[in-house]
Structure formats: C-alpha cells, structure tokens
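**Student:** In case you want the letters, here they are:
2 protein chains.
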Amino acid sequence: MSVLDTSSDNALAPRLTLEGPLVLQSGVSLSPVTIAYQTYGTLNAEKSNAILVCHALTGDQYVAGAHPVSGRDGWWHHVVGPGKVIDTDRYFVIGTNVLGGCMGSTGPKEINPETERPYGLLFPVITIRDMVQAQARLLDQLGIEKLFCVTGGSMGALQTLEWAHRFPERVTAAVPIAGSYRHSAQNIAFDEVGRQAIMADPEWRQGNYLEEGTVPTRGLAVARMAAHITYLSEPALQRKFGRRLQDRENLTYGFDADFQVESYLRHQGSTFVDRFDANSYLYISRAMDYFDLAEENGGNLADAFKDTPVRFCLISISSDWLFPTSESRAIVHALNANAAKVSFVEVESDKGHDAFLLDEPEFHDTLKGFLDGAARTVGLDDGAQGESA
Amino acid sequence: MSVLDTSSDNALAPRLTLEGPLVLQSGVSLSPVTIAYQTYGTLNAEKSNAILVCHALTGDQYVAGAHPVSGRDGWWHHVVGPGKVIDTDRYFVIGTNVLGGCMGSTGPKEINPETERPYGLLFPVITIRDMVQAQARLLDQLGIEKLFCVTGGSMGALQTLEWAHRFPERVTAAVPIAGSYRHSAQNIAFDEVGRQAIMADPEWRQGNYLEEGTVPTRGLAVARMAAHITYLSEPALQRKFGRRLQDRENLTYGFDADFQVESYLRHQGSTFVDRFDANSYLYISRAMDYFDLAEENGGNLADAFKDTPVRFCLISISSDWLFPTSESRAIVHALNANAAKVSFVEVESDKGHDAFLLDEPEFHDTLKGFLDGAARTVGLDDGAQGESA
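Chains as they are written, first to last, in this note's numbering: chain A, 3 to 391; chain B, 3 to 391.
Treat the hints as calculated values from the structure; they're not laboratory data. One or more of the hints may lead you astray.
Put simply, identical chains are the same to the list, so a pair is met inside one copy or across any two.
[Stated by the list, open to error] In silico SDA-like links for lysine to any residue, alpha-carbon gap of 20 Å or less:
hint, residue 1, residue 2
1, Lys-308, Ser-28
2, Lys-49, Arg-241
3, Lys-148, Arg-172
4, Lys-308, Ser-33
5, Lys-49, Pro-170
6, Lys-308, Asp-142
7, Lys-242, Trp-323
8, Lys-111, Glu-348
9, Lys-49, Pro-120
10, Lys-242, Gly-301
Only chain A is shown next, with the shape it has when bound in the complex:
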C-alpha cells in the first residue's frame, strides 16, 4: 500500500512535512510545515481522479468514515463515500487539516521548534492563500499535479476559490459551496465576538494556556454558541425547537436551560471544547476575515479569474444568511465577465448555512450532476476509473 492508498478511515491521518519553508502572505517564513491529511478511494494510474475536499472553520481532514477522536461520522459523510455523490469507488478524495488547524497540521497548538513549546500567539497569522499554498505543496509531494476537482463549503469555498484563482492550471473543476469572494462586515463582526469571548476567558492566559495547563473552555464555548446560531436559520430554529421547554412542564423562573434551544446551544458549546483548540479558532477565523479576492485584484473580482480554464459550479443555500446567495451571484457575474464555464444553483432549503453538511437531495443532485458532466469532459467516465475498479 503506497502513501496514496491510505484509505483506512479509522486510522489516525498520515502527516507529511513540506520540503523547505512556506513563505506566508505576511512575509513570514514558516518551517517546518506539516500537513495532516486523509484519503479515501484510490488514485487512478493517470492520477486524474483526485478531488480535494476543503473543510470549514471547525472541520478537519476526516471527511468521511468514523472520526478517530469523536467516533462520529466524518463531517461530509452524506456526500463522500462509496456510491455517494463524491463516489470514492470512482474518485480519490483528499481531505487535509488546514494550516493553523488543530488536528495534526502545523498550527498554534503544535511545538514551535525555536522555543520547544507550543506556538500559542507566536504562531504567525495565516491566510486562506497560505492554507492553499500548503495544500498545493502537499499535492506536489504526493505527485498529484492536477486536481479533477476542488470543493468545500463555507471556509472550504474560500479555499476552493483561492485554488481556482491561484492555480487555474491545476484544477479542472471547482465547486465553492455556501461561500463568498470576501468576508462581509457582518461576518467579521461575528468572528470578532468569538475571538473576544475566547480572549476574555482568564484561562486563555494570553494564548499560553497549553503551557500553563489551563483550558479556556467557557470562552470557547460562548464563541461556538454565537457562531452556531449563524450556521442555522430562524425558520429552522423555529421548526426544530420553537419555544418548546426542555424536560419540564413549566417555566422555572430561573436561568437554567428552560428552552430546548438553550439546551441545544449549551450542548454545542460544551462538546466543541473537547475537540477544538481555542487558539486555532482565533487563527482560522482571522484567516477568513482577511479573505478578499476582489481587493487582492485591484478591487475587480473579474480579474481574479482572467481567462480561467476552470469549470465552476457555484452552489448557495436559499436560507443561508452567513454567506447569502448574493455573494455567490457576485462570483458568477465575475466569471461571466471572463466567459468562464459556470453553473450556478441556489438550493432551496430552510436549514441555513449548514445545509451543505446535511442530507439535502437537491444539493446532492446538483453536485453529482456537475461532477458527472465535468468527468465526461476529461474522459473520466465510469469505465475509466482507477485500478480499484
């Protein structure tokens, strides 16, 4: 079994250290840089069936199968797997933990070789571009020159767009889902609330909690609770919880979680702190804030995709208020200005931003239809898959 055939879902993900330093967008040279990744399916002989799946703020490389830490299904198990929309009998799927993450890739919780202690706030601020550069270097070392597809939702969409912008010759198809070309003022505001909640926790210790043996659980939980509301929608919350009480007949006239929605949010907060690093949350949310493909291209988003050969499929969710459809539409307009191959679907769902993680048939049909079509254009049809067929 080669390094490219590590499709055992339950094993801890392999890690790969990049050859040489990574020069970040800030100008800082970071070394060593290790990227943890997980693969599913088999790379074909032509190395033409690779799909890079990029994760959202709190996701990781465990796209499908059982998560080695939580024991739960990977975050995109509805979409990725044998016979599923992203069919691992057909495609070779790569999930990486982003640079700055906390599931094995180099990030603030890893050891700083200069101090031999966890980086903490000595870790350099990273950007979406830096995450993508690290992924590209990883693929170089894995011998994958060109991706059949790069995709992801939310922050995964930002990475997808950065890939198409930065490495158009290395991407056949790009599917940014529930994303944007830049983080909006409101999104920066919510991110800032989360960061302030973390930094307000005395157990955060100016970022040195790992060394000092504390954990800023309360601040991180509040950050997660605030963010989690933005991942849903008002109608979904109303339908799912409404004003129903939690395990009680009457209001208690107190500050316990009388309402189911309170109990649910508290649970979201308290389970999150078991699996996520507070400093990683600061760094990754900051990377999202900094993302602005228009600004980087002189204020003209169309210039980010000049004469792009990439085939795009933009997907938005009708009830997503974190990355509303208008943001995807702006990208479509920029691509149209370049006469790019672009498809655009607003999926009708009341489940909000996180609908891309859920069992949403219209979304799945859209994604599958696009992938099938794109596969045919590169001769990657059902009969032309890898040696595992």
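Fit chain B to the given chain A structure using the hints.
**Tutor:** Chain B in isolation, oriented as in the chain A frame:
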C-alpha cells in the same frame, strides 16, 4: 410644581415606591417595589394626554433630553420633545425604568431588605407582565387612569402589547414598534449567548460581584457585542464599515482591531459596561425570552385581544431580522380577527432593528400621522391640550 410636573430633563429621575407588594407572575411577592421614572411636558386638566414610552432591553427612563449619567441625548430624542413626533408641548410623556432595571427601579443591583445587601441572583425572575403591572401601579399612584397612548420599540413593543392585552380599558392607542407577540427561538438563542458570556466571566462571582467588589466587564462586553450585531443589518454594516481598515493602511497580521467594524463593536462593548448592570442584563433578557402572548392565551393570539377597544398601529422595519415584519403581521392578523382598529406599516429602511432609534422620516411620519388621528378621536386636538398651552 406637582409630582406630575417634573419635566426638568437633567435632574435625576424621581422614584416612587408602590403601595404594598407586587405579586409577580412567578407567584413571588416582591416588596418594596420602587419605580424610577421621568416625565416630559405637562399633564392636562383632563389627564387625557399621557403617553407611556416603554424602553428596550438596555434603555431607561431618559427618553429625551440629556442623560444624567452618559451626558448624551436620551434614547428617543429624535422622536420625543417639543415640536417633535411625540410633541411634549402637547403630550405628557412618561418614561419608566423597568422593574429589574438598573437606573433606579427595583432590580438585582438594589438592596434586598431581607439581607441588606444587593439582591444579585436572589432577585426573583420577572416577566414583561410584571414590568407592566409595576407601571400600572405607578400610574395609579400618579392618578393617571387612562393613557392616551403606550408605545415603544423592541422590548418596549412587548410591554406595549402586554398593556393592550392586560389593560385595554386603560389605553386609547397602542403603537408596538419592531416587536413581536413572542420571543422567537433565534432570539432566545442570542439572549442565551449573552447570558452565558456574562456568567462565564469569573468576575461575575455567581452574581455577587457587587458585594465582592468586582465587575464582569469582559463578559458583559461580549454579550453586548453579540447583541449589537443583531440590532443592525448586513447591508447597514456593509455600507457603514464594509471591510475598511481602522487607522491603518494595511492588515497587521495580528488580532488587533484591523477592521473598522471590529473597532466599532469593541467600542460598543466597552462603553456599555460603564452604564449597565450585568445581572440586570440577565433578568431583562430572561423576561423577553419568557414573553409569549399566544401561549398565555391557549395558543390563540387572537384571544389576547378579544373585542379590544384599543386603536393599534403596528410598525416594523423592513431590514429588521431580530423582530422581522412577519411577527408584526401575525399580530395584525390576530387583531383583524377581532375586528380591531389596526394600522400597519413596514418602514422601508436598511438600518435594521435599531432604525426605530434613528432619524427615519418614514417611521416618524407614520407615528405622527397615527397619533394625530388618534388624538382627534378623543378630542385631544392642538387646541385642547393641557394648561401649559
């Protein structure tokens, strides 16, 4: 000068202690109950020109004129004053600090006579109904049997609806602005984030911070920041701040407030803690969560306003996502089912929930038009005002 002529804007508000205890919705009997209030204009001889203005979560009795603590204009100075929409040359305006508040009314920061220490969490959980009962008792003691109008935005709208529901014979006209008949699951969720942020602050000391000489400033600031986003709108944030940087030319690649919107939010948080009590925030937000006029009437909102004689004007803001127009529309439907006199205007504004506090001509015209019409129906025209005319 009688007690009803305390229209000096700059003086600290008068306080009045209710005669006898107040039996709360929870069944708890609270005593003594003191309500701080402020009045503007003059009560006419017929006592028919009184308007009760109810404040929002973090408002107070200082509706107009200079605020004695902050020195800034009262929260509704665009609307209330001589010659303004709520014309204090014509109407006698009463602002009260709600029960549970922190500007002089009985609340968690006041002294518990049983312990001779601040109430803290020994203060009973109060409801919107309790706030309104306290206001009604205050008006009894001031000798005002009937209000020409009761109005307010946000939580002020909840009180307004409770007034019309509970005391229809004491209200000629009711103008609930940017409100709802019940707090939605999403609103409860945001309130819960704020409460958890406060309670996560170790300086909160289980609510005993006043006694222990601490202040949970960081938690309260985070609560305010999260809530403040919900008072605005995505388009307003984009127009006002966009992704503009704060006093710098380039990104700093750090966690300072690079963006104007971050700096603005931090400022909102840090100034709020100087003027508001953290426990009051818990209690008042809880009162909002508990509000549900439909549930209290067997699930049928129409029954809350059976054969109501009150003239209603519902006003919503088109970009308000905290109390969207659909919530006001549901109230209109319930009133229509009672053949009530009801007017309904959705004000077109991109400024979000807080537009009711701002200089919004369409909103002001709507409110003034309705008040003028209602005044005519009770013979309260320009020539029939109080002795100050």
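**Student:** If a hint holds in the structure, say so; if it does not, say that too.
**Tutor:** Status of each hint after checking the structure:
In this assembly of identical chains, Lys-308 and Ser-28 lie within 20 Å of each other by CA distance neither inside one copy nor across copies; the values are 25 Å within and 65 Å between. Within a single copy, Lys-49 and Arg-241 get their C-alpha atoms no closer than 46 Å, and across copies no closer than 47 Å, so neither meets the 20 Å cut-off. Only within a single protomer do Lys-148 and Arg-172 lie at most 20 Å apart by alpha-carbon distance; the minimum there is 4 Å, versus 75 Å between protomers. For the identical chains of this complex, Lys-308 and Ser-33 are neighbours neither inside a copy (33 Å) nor across copies (73 Å), given an alpha-carbon limit of 20 Å.
Only within a single protomer do Lys-49 and Pro-170 lie at most 20 Å apart by alpha-carbon distance; the minimum there is 17 Å, versus 76 Å between protomers. In the homo-oligomer, the alpha carbons of Lys-308 and Asp-142 never lie at most 20 Å apart, since the shortest distance is 24 Å inside one protomer and 73 Å across protomers. For a Cα distance limit of 20 Å, the shortest separation of Lys-242 from Trp-323 qualifies both inside one copy, at 18 Å, and across copies, at 19 Å. Neither within a single protomer nor between protomers do Lys-111 and Glu-348 lie at most 20 Å apart by alpha-carbon distance, with minima of 38 Å and 50 Å respectively.
In this homomeric assembly, Lys-49 and Pro-120 never come within 20 Å of each other (Cα to Cα): the closest approach is 37 Å inside a single copy and 71 Å across copies. When the C-alpha separation of Lys-242 and Gly-301 is checked against a cutoff of 20 Å, the pair qualifies only between copies, where the shortest distance is 18 Å, while the shortest distance within a copy is 41 Å.
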